[in-house]
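Sequence lines, in order, name chains B and L.
Take any residue in the first sequence, note its place counting from 1, add 48, and you have its number in the numbering used here.
Take any residue in the second sequence, note its place counting from 1, add 48, and you have its number in the numbering used here.
Please note: incorrect hints may appear among the correct ones.
Note that identical chains are pooled: a pair holds if it fits in a single copy or bridges any two copies.
[Stated by the list, open to error] DSBU-like mimics (lysine-lysine), calculated; alpha carbons at most 35 Å apart, straight line: (1) Lys256 to Lys79; (2) Lys90 to Lys126; (3) Lys126 to Lys163; (4) Lys256 to Lys76.
These aren't lab readings, by the way, just hints derived from the structure by calculation.
Listed here are the chains, written in short residue letters.
There are 2 protein chains.
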Amino acid sequence: MTPKLADKNPFPVCFADVEAAAKRLHGKAFKTPVLTSETLNKQTNSQVFFKCENFQRTGSFKFRGACNALMQLSEAEKLRGVVTFSSGNHAQAIALAARLLAIPATVVMPADAPKVKQEATRGYGAEIILYDRTQVSREELAAQIAGERNLIIIPPYDDARVIAGQGTAALELIAEVGELDLLLVCCGGGGLLSGCAIAAKTCSPQCKVIGVEPDRADDAARSFRTKTLQTVSNPDTIADGARTPSLGKLTFPLVLHYVDDMATVSEAEIRKAMFFMWERMKIVVEPTGALAAAALLSGVVRTENMKIGAIVSGGNVDLRQACQLFYDS
Amino acid sequence: MTPKLADKNPFPVCFADVEAAAKRLHGKAFKTPVLTSETLNKQTNSQVFFKCENFQRTGSFKFRGACNALMQLSEAEKLRGVVTFSSGNHAQAIALAARLLAIPATVVMPADAPKVKQEATRGYGAEIILYDRTQVSREELAAQIAGERNLIIIPPYDDARVIAGQGTAALELIAEVGELDLLLVCCGGGGLLSGCAIAAKTCSPQCKVIGVEPDRADDAARSFRTKTLQTVSNPDTIADGARTPSLGKLTFPLVLHYVDDMATVSEAEIRKAMFFMWERMKIVVEPTGALAAAALLSGVVRTENMKIGAIVSGGNVDLRQACQLFYDS
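So here's chain B without its partners, still in its complex pose:
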């Protein structure tokens, strides 16, 4: 990086954007509770603070980014309406944020997306367009619909406003518990990870930030190590939030710059962490939401006498399906 470039922040998202997002989201997004576990503290010989975004509106952190993006649309753009592509938490987040702001919302969703997620998204008032995921690329379909209907596209993670919104989770956590030695964040497309890393590196400069992925969907870990964007195709992991094919054009450079390391955990470790969080911590988390805890409980990330933050990304599960996971482990 040349000195001239270093004078300006070369990235599309900076700490001021996260701060602005926090102001914007005040009274819209929930300030989610921070929970601890005496058992885990003992086991890690550390203090671990879980930022529980499973209690966020729509059941995941995605509401932060979605709402922050929609609130920055012009009045003319709001009248046109928005479209997004997601089978999961971002779809519900866009649907609710759009309803609150009286913006028409369309969601492009694979025809085989779980009925419960389709219903939740429709319940918030969005129009759903189903497609055959073996035939069509969701990005291309969303772009086509946006063109035909004159809609604004709000991508699930590779968007500066979305990234800044997600960063408010770490900002809130550090504001509540103070500076950290370590922050663990699960990683799919990297929106939550890069946003939280930006926030942590300013609010708590000594804090190491580690992203956590399933080892079956380790594209970001490989991208991080090789400094070249790596992809993964339909990985077979229970952590559905981490099934994204790769980091994005915006999130990859941010992850390279702000994140200290990446860790990966096995499917069995994710299941065990989920079990621990449900039975011992009394919170319902989805598999992706257990990634950070899995890195700690498995010993993949070693800790000693540290103050640790961990983002619990969400809690959206089909309860009966999720319960099945506990009988295999």
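Please build the complex by placing chain L on the supplied structure of chain B, with the hints as guidance.
Coordinates of chain L only, in the frame set by chain B:
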């Protein structure tokens, strides 16, 4: 009640005791989070605030009463040690509170109590004495052991210090969210219900207090209606915290005086409320912890434009067993 008696509070627990308990427990018990559900608010046309004692230390409100009782022992009594009888949450609460205060603790528990609860109690450092529940009364056995070993008995609910401690749950809730129109509290032996009713009637004088029981264990509801102590014997309900045979000598008059009404819900309604709290609210609650929500979701308690508090008593379940409940419903 004669005017002379009315000058003094005729009850063994008053609001000042709850306030004193709150001071005593500060920094010992957790200030548990208050959660809401937009879906339930819409359905009840009200605002419902859940005080989540499933996040309390040892996983239930019982820690409040146990710790408040043990902290009031004299130094000589602390050296002698304590004994209690409980197969469930009170046992764990006494075990942890005793460990924190360096008091030896003995727990009398039926031999068929779930292994997970025996282990948790032992894990906190208490000595467990198992007995055959078909042969022996737990109160008598505890009294006998207390005599032989010179121990102090800390009963699970019929104790002024325990009742005052449990009342701090409602005190904290009202301090956080403001005055209420209605407070719903599950009822087993009546310690939580009477303590919370005492707190609510002072902090929020307009607040109606309703106790909720399983209809299969409706002894308190019948006692309330007939004004004569009624009992129930080993009721077959999933709400194990409400299987107590009757209200106590202290809690019965307190419930008669401070509680406005009692409601009962069916097993199916408890299961449905549990499912709702796990899947939609993302919290793991035990069946007894879902009683208040069951009264609302089933429409047994009618609401309209009200500000409602609901105490979630605890979250201690064997996860795999609890998950089974969701396949029957």
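Outcome of the hint check:
1. For a Cα distance limit of 35 Å, the shortest separation of Lys256 from Lys79 qualifies both inside one copy, at 24 Å, and across copies, at 29 Å.
2. In this assembly of identical chains, Lys90 and Lys126 lie within 35 Å of each other by CA distance solely across copies; the values are 26 Å between and 50 Å within a copy.
3. Only within a single protomer do Lys126 and Lys163 lie at most 35 Å apart by alpha-carbon distance; the minimum there is 28 Å, versus 58 Å between protomers.
4. In this assembly of identical chains, the alpha carbons of Lys256 and Lys76 lie at most 35 Å apart whether taken from the same copy (30 Å) or from different copies (31 Å).
Checked against the numbered hints above, the structure breaks none of them.
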